[in-house]
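Asks: Spelled out, the chains give:
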Amino acid sequence: MNTYYAANLLIFAGVDIIACLALNLQFGVSGIVNFSFIVFQAAGAYTAAILSMPPDTAPDYTFQIYFGGYQLPFPIPWIGGAVAGGLLALPIGLVVLRRLRADYQAIALLVTSIIANTVINNARPWLNGAAGVALVPQPLQEQLNADTHTYQYLYIGLTAICVAIVWFIAARIVNSPYGRSLRAMRENEVAATALGKNPTALKMTIFIVGGAIAGLSGAILVGFLTVWAPSTWLYPETIILFAAVIVGGRGNNVGAILGALLVPVGFEEVTRLLGGLNIGPPQLIPALEWVCIGLFILGFLWFRPRGVAPEPRHVFPGAPIREDTRWVEGTPAS
Amino acid sequence: MLAARDIHRHFEGMHAVDGVSIEVMPERITGLIGPNGAGKSTLLAVLAGTLPASSGTIVFQGEDITRLPAYQRARRGLVRTFQLPSEFAQLTVLENLMVAAPDNRGESLLGALLGKRYWMPDETRLVAQARGLLKRFGMNAKESDYAGTLSGGQKRLVEIMRALMLRPKLLLLDEPMSGVHPSIVDEIAGYLETLRDEGLTILMVEHELHMVDRLCDPVVVMAQGKVIGQGGMAALRKQPEIVEAYLVG
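Those protein sequences? They're chains H and S, same order as listed.
Using this note's numbering, the first residue of the first sequence is number 107, and each one after it goes up by one.
Using this note's numbering, the first residue of the second sequence is number -1, and each one after it goes up by one.
Because the hints were derived from the structure by calculation, they are not lab data.
All values derive from a computational prediction rather than experimental measurement.
We treat Cβ as the ideally placed atom computed from N, Cα and C, and that holds for glycine.
Don't take every hint at face value.
Derived CB-CB ranges, DEER-like [stated by the list, open to error]:
| hint | chain 1 | residue 1 | chain 2 | residue 2 | range |
| --- | --- | --- | --- | --- | --- |
| 1 | S | Ser149 | H | Arg410 | 40 to 46 Å |
| 2 | S | Arg134 | H | Trp408 | 39 to 45 Å |
| 3 | H | Val414 | S | Gln81 | 51 to 57 Å |
| 4 | H | Leu193 | S | Ser19 | 47 to 53 Å |
| 5 | H | Arg410 | S | Gln81 | 49 to 55 Å |
| 6 | S | Gly146 | H | Val376 | 35 to 41 Å |
| 7 | H | Trp408 | S | Gly146 | 17 to 23 Å |
| 8 | S | Gly146 | H | Ile171 | 54 to 60 Å |
| 9 | H | Thr224 | S | Val57 | 50 to 56 Å |
| 10 | H | Pro181 | S | Pro24 | 58 to 64 Å |
Some chain S residues close to chain H (C-beta under 10 Å, calculated; not the full set) [said to hold, decoys possible]:
| hint | residue |
| --- | --- |
| 11 | Ala46 |
| 12 | Leu107 |
| 13 | Lys114 |
| 14 | Gly146 |
| 15 | Asp184 |
A few chain H residues that don't get close to chain S, going by computed Cβ distances all over 12 Å [said to hold, decoys possible]:
| hint | residue |
| --- | --- |
| 16 | Ala214 |
| 17 | Lys303 |
| 18 | Ile345 |
Whenever a hint applies, use it, and build me the whole structure from the sequences.
Replies: Printed below as a string of structure tokens:
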């Protein structure tokens, strides 16, 4: 494995970890089956692209059509990507999360994902349609003028900082009374409402937070890939992230990270290695990857529904100690 | 305490609650009885806001709450429990109680992000309050058990304790003895009597008539979505139409 490939792998792992932490907040902790998750990542990617690219009339960019093109310096495109993901969550959440039952929410969000992809795919004047945007400037590349290796290390560092920030936010949410209310809503929304919890407010806030984090993951990804097109954010991408959260352990941030490393990163690696062995027709191994992901989800739901690292029991200091005790961060001694 | 006037609740033409008017007097346990399908649980859900009323008016402590959503009614002290166990199964018993605790600064997203130093004082106070309730109800040894692993009777107790964490003014109990082992039925009845004596007002749907006899005064009898009688159990037993509709039916 060469350095270039290792750097690629680390950056993709970072992006997947960020995405899985966001999906874990929405699905694992709060029970929102957000089948449109990838749309928020795409919104962040497109926003970061048009904030950092020059206008489409600039030399070298005339082969594509897109709105905006503001050439804003780093970190504004990444912040913009996160803001776009959060803002997009507002209208989608208000339409889907307020009145629909959980299973219909999931269907509505899946349909949202398909509609969004189809619209962007076919409406070329907005974001260059199916061809997508290309030549997205990499963050700080012009200012640093670094060689490829140095720049890759820098990008790994920037990604790691974002992973740390997102981990910090996710940990604070999960271990707080707010996180406890989210888990209660996940378990029984009607009972939580009868205890004075506003389910719409709870769902909307975590949907927006998750959307913003997803947007950030998209911004990081597009800054590295320098291209972004509808084919990169088809709805099955969301299924991979769901598989990761289910396999890793719903409701547990550590589980989300493990899931990100096992499923999106792990499967990609295994596919790459098997692809090199030239087994069967060229599309056999990628097709089998999807079969394996499906079987993986079913297998875990059947045999280990709480995942590799299950949601920990939240025990308060002063309680009898149990084998599976994990102290709730910051809770007081009795 | 609570007055409901001409409450209707229709489900696609079916009149589950059909012009019910009741009053709940403070510091008493009011019983709500009737045959299956009489509309008791639906009425309770309408009063708590879990289901909206098709028409009618609900006044709680002088305020018209007819249009308020369930969570706002709960915050005003009108708290319900459910006919079927409604524990938060993957949360511990103590967490179940803590979810219901009001006035915790860590309950908002901003509060959570500000960190433990911001919400720790509230959490400390509320953990002590919740542990006090667990001790009182003899459940302190179970505080770290997942609520989903408890017996039916213990789940009922958790529901009642959870409701008490909200410091309710009126507690709406939907068949609190249902599916509970007889040895715990007496225990729950004892707790309800104590709560009443301490000044809590309760409206309770119940099928166990000996418990209604023991705990409730007055008693409201419903059949086919309507109130067919109310008063003391002794007086109700003398009304032939009520005896026919429910008491021996």
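Asks: Compare the structure with the hints numbered earlier in the document and write down the numbers of the violated ones, lowest to highest.
Replies: Violated: hints 1, 3, 5, 15 and 17.
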